[in-house]
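Chains as they are written, first to last, in the working numbering: chain A, 1 to 159; chain B, 1 to 163.
FYI, nobody ran anything at the bench for these hints, they're computed from the structure. Treat the hints with caution; some may be incorrect.
As the list claims (entries may be wrong) - With the Cβ distance kept under 8 Å, some of the chain A side facing chain B (calculated, not the full set):
no., residue
1, A44
2, R56
3, Q59
4, A131
To be verified - Far from chain B by the CB rule (all over 12 Å, computed), these chain A residues:
no., residue
5, R45
6, V74
7, S99
8, A112
9, R156
Glycine is no exception: its CB is placed at the ideal position from the N, C-alpha and C atoms.
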Amino acid sequence: MLQDGAPTTRPEREVVIGLLDAFQAAERAGAEAIARWIAACPDARLRGGLRVVRARDLQHAALAEARLRALGGVPGARISRELAGLCGVIAHPGISSRSKLAMLLARVPEHAPSPLATLLRRIEGDAETQAMLETIGDDEQATLEWLRATSDALEREGA
Amino acid sequence: MTERALGFLDDLRAAEVAGAEVLAAWIDVCTHDGLRGGLRTIRGRELAHAELLAERLRELGAPATAALSDEVRQAAVARFGSPAVADEEKLGLTLAQYPDDADGRRPIAGVLPELADDPETAEMLRLVAEGEAATVAWLRAYAAGLSRRGDGAHRPTGGRRAS
Chain A
1 MLQDGAPTTR PEREVVIGLL DAFQAAERAG AEAIARWIAA CPDARLRGGL
51 RVVRARDLQH AALAEARLRA LGGVPGARIS RELAGLCGVI AHPGISSRSK
101 LAMLLARVPE HAPSPLATLL RRIEGDAETQ AMLETIGDDE QATLEWLRAT
151 SDALEREGA
Chain B
1 MTERALGFLD DLRAAEVAGA EVLAAWIDVC THDGLRGGLR TIRGRELAHA
51 ELLAERLREL GAPATAALSD EVRQAAVARF GSPAVADEEK LGLTLAQYPD
101 DADGRRPIAG VLPELADDPE TAEMLRLVAE GEAATVAWLR AYAAGLSRRG
151 DGAHRPTGGR RAS
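One chain only, chain B, in its complex shape (with noise of 0.2 Å):
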């Protein structure tokens, strides 16, 4: 596996350990129910693909040293765990980084053709990327949820669902 391969495993390692930690700031403040209950999900799919890449790295030989800054963080932290910012500010901080759903895939797609030589990671990391495309659906479907009903209203049979 090649170096930038490598390093990458170990960013997105780092991304999703302080993607938890924001998400876990939101949690703790969020004022809708369901929003609640989903973001605790994503929370825990950002600690599994942590934590499965910290295991895989650990199993190349290779550094898991990557961090954010701690000035990017904290303020990921303060503004997302923040009871004055709402909850759909938030959702569409989140989902600007993301036009399309499938934007949450594409950096992994990126370093796929890197794995050639390992399967293992490269399936593993194609799983990761669905799980985050899942992740931008998911809060796409839940912001249009709020802003066409206006009341925090969520129903499992939602519009992507539907759709």
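So that you can see chain A by itself, here it is in the shape it has in the complex (with noise of 0.2 Å):
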């Protein structure tokens, strides 16, 4: 068990660094296009919803920030031309919020294991951002189930 709260070595803390780094990158990406989203959304139910989504993902992205500084990074990742691509689309008002649900949940089958539990298993000797992250993980299940809710229920609508 670790004293600090921190991997030991130098190439475990370089791999925690870079996955933080990655992972704050995309999540402050996510808020953004989902600011967006709000401004165009004319269903205010799901703009309830997609309010309290930008707000985790914008905390998440500040908590992976704060815990790479304290390990001795700096932010500097760049989000892949996928998710930027799929932000485009998410950001995009002139895109149906059903077709952004649909494309949203097909990043992850819903029986498959969540990007996060990978990244999760990678992270070794390091409790304090394993927890962190597995807390995250919860925030983002919950994200995920609220996502399938709402686009069941889209559905139904004929919305």
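Take the two lone chains and join them into the complex the hints point to.
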């Protein structure tokens, strides 16, 4: 068990910093895209949920950035071209909310392990970061469940 | 929206602000790495909820003036920020307020019927309530892991998830 809650060796620390940096960049980009979705979303109920999702994403980005700085890193990651494309669709005011929901949900099949769970397995010897990401994973799971329920509701309503 | 519902939003905002302050004090003296990591996220949730509620109150033209009494707030910060009080005791104190994971949702569920004419706020609150329940569930799982192992070890695939 590590005493200071941080990985002991430099390579381990570099790996954790890299993962946190990529994660914070993705969460920040997602939050920005959702802000633009909210601004153009005519459905009040959907807007209410998206506001919470965006706030969570911003908090996750801040938490990951604070942790990577505590480990001696400096944020600088850029998101992948694929994620940038998805964010562009999410932010686009001319694309329906149903389509946006379908695109987001298609990235995470219902019974597949979450991307965060995969990331967690790569972090060894850093209980603090692991637990932080585990609880962030709870938020992500809640977001996914809400997105599925909302998508189903819009489908039923023919919105 | 009723005055009571607006008052609830403001009270909840104030409670989340105070909760974040108490959690910051606990994090500073927390001796378990894993617990500290989880508390950081939980504090982030409280801050996010407080900001969302403040923003919504502004949009609704309602004041955000509620605050916990200084006496109550300072006593909580002193207790949870004390290195002389064990993490296990702090977990016990927190969980005693929520005998069941769903207890975190109940106060919000009680006000939702009054928000039938405001689906945006209602949906926000539903998700905030889910966050509160997730907090209680994680703390309970962590506390159970501590008492089972007696060494503070906690694994991401702990009891709650395995069940």
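Hint numbers the structure violates, sorted upward?
-> 5
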